[in-house]
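> Each chain, written out:
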Amino acid sequence: MKLRTVCLAPGRAAPGMTLAAAIVGHDGHTLLAAGTLLDPEMLDRLIRRGVETLSVALPDTRDEETVAMALANAESRVRSLFRGKGSPAREALGAAILDYRRQQCR
Amino acid sequence: MTPPALSELLAHAAALPSLPEVVSYLTRSLNDEGADADALAHHLNSEPAIVARLLAAANSVGSGLTSPIFSVKQAFLVLGINRVVSIVLASALTYRYDARGSGFDSRLLWRHSLGVAICARVIAEQTGFNPEMAYTAGLLHDIGQLLMFTASPGLYVRVLEVKRSEDTTLIAAERSLFGYDHTAAGRALATAWRLPLEIGDAIAGHHEPDEMFSEIGNLVHVSEVLSHALDLDDQPDNRVPDVSELACAHLGLSWPRLAGRFAEIEARYDGITLALGV
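Protein sequence lines correspond, in order, to chains A and B. Under the numbering used here, the residue at position 90 of the first sequence is numbered 190, and the numbers go up by one with no gaps. Under the numbering used here, the residue at position 210 of the second sequence is numbered 217, and the numbers go up by one with no gaps.
Hints are computed from structural coordinates only; laboratory data are not their basis. Hints are not guaranteed to be accurate.
Claimed, not checked - Every beta carbon over 12 Å from chain B, so not counted as near; a handful from chain A, in silico:
1) 118
2) 122
3) 140
4) 148
What the hints assert, rightly or not - Quick list of the computed label-pair ranges, beta carbon to beta carbon:
5) A:159 with B:173: 28 to 34 Å
6) B:73 with A:183: 46 to 52 Å
7) B:165 with A:157: 36 to 42 Å
8) B:84 with A:169: 51 to 57 Å
9) A:102 with B:84: 33 to 39 Å
10) B:15 with A:162: 53 to 59 Å
11) A:162 with B:84: 34 to 40 Å
What the hints assert, rightly or not - Some, not all, of what chain A presents toward chain B, calculated at C-beta under 8 Å:
12) 108
13) 112
14) 147
15) 152
16) 153
17) 164
18) 171
19) 175
20) 184
21) 186
22) 188
23) 197
Glycine included, every Cβ here is placed at the ideal spot set by N, Cα and C.
Sequences are here, hints too, so could you generate the full structure?
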């Protein structure tokens, strides 16, 4: 099955999700390894330790049409956000955002 | 409607809620490496309204907690320094200042400030700046808007209408109706409140950093642009403001390199708005 990686606040994660990347604490120690299947106790512990984000691998059940529509909407929104002229630095930011949104949709 | 002169604005600051002692302590301790969590928890315990909000936020971070958080110290661990600072400042300023229904939504301003603060913290981590100072500067960068609205609510609502109808910048609309903008108003307020100099510089320099060289002004400027580009507060008329080439160069900022942290910024923003209920 195709998987997609999503970055979430721990409060949005649910038991049964699989970590896509290790969670490292403030002291540099690994709290949970990549591939760990999250259970309620682990999520409770992460929240209590003040972990702010985690990456999970979710099954991608979207069909091609849904992905294409999400991509078209994302590109249209970025064009609207960057309407009007600006500095080359603003254009470079626009390109980085467009690239990020495309990766996020795929 | 005649706008108040910039020199008269601070007379209206008395109408803004005063900063509680804990906020003074927090902003002072941003530059103090010796400041510790126990001392902060002690100060927080003297403000019951803030304690109540901290506990509510700690218990709202998501459905993953198996038992409730009931002490400031536990809440501090769950929330971390940035979210604690956000709640304390929000309690002092915007929560007591509910201007919804008047054409000025302080909740929206607070959501925007949280987005800029999170971007500022991540950019500070990338560029070697003090992340906690950057975060707080991001939270307070638009405080001048609150002061201008307090001083002349009808005229400030007109500013927002002009911005929307002419698709112009807020700064341009403020200057055309008031003769000055929220960066000047905010700087005056920061000085009156004796906030750290860096916070005043960030407030004054975040729209036109090339006019006033300040590292933190540059940092909050690019952070605000990034928060718009990531569409964090999801406003229908959102438009990414121009970004200073010089500010990016001074910070050594590379957007493609920073792009690796865009997803993390969005998740942090989602987490904090969830916890704070804004």
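> Now look at each hint and say whether the structure bears it out.
Hint by hint, here is what the structure shows:
no.: 1; hint: 118; result: 16 Å, holds
no.: 2; hint: 122; result: 14 Å, holds
no.: 3; hint: 140; result: 6 Å, violated
no.: 4; hint: 148; result: 6 Å, violated
no.: 5; hint: A:159 with B:173: 28 to 34 Å; result: 47 Å, violated
no.: 6; hint: B:73 with A:183: 46 to 52 Å; result: 47 Å, holds
no.: 7; hint: B:165 with A:157: 36 to 42 Å; result: 50 Å, violated
no.: 8; hint: B:84 with A:169: 51 to 57 Å; result: 42 Å, violated
no.: 9; hint: A:102 with B:84: 33 to 39 Å; result: 37 Å, holds
no.: 10; hint: B:15 with A:162: 53 to 59 Å; result: 58 Å, holds
no.: 11; hint: A:162 with B:84: 34 to 40 Å; result: 38 Å, holds
no.: 12; hint: 108; result: 6 Å, holds
no.: 13; hint: 112; result: 6 Å, holds
no.: 14; hint: 147; result: 5 Å, holds
no.: 15; hint: 152; result: 5 Å, holds
no.: 16; hint: 153; result: 4 Å, holds
no.: 17; hint: 164; result: 23 Å, violated
no.: 18; hint: 171; result: 16 Å, violated
no.: 19; hint: 175; result: 13 Å, violated
no.: 20; hint: 184; result: 7 Å, holds
no.: 21; hint: 186; result: 4 Å, holds
no.: 22; hint: 188; result: 7 Å, holds
no.: 23; hint: 197; result: 5 Å, holds
Violation of the numbered hints given earlier is confined to hints 3, 4, 5, 7, 8, 17, 18, 19; the remaining hints are satisfied by the structure.
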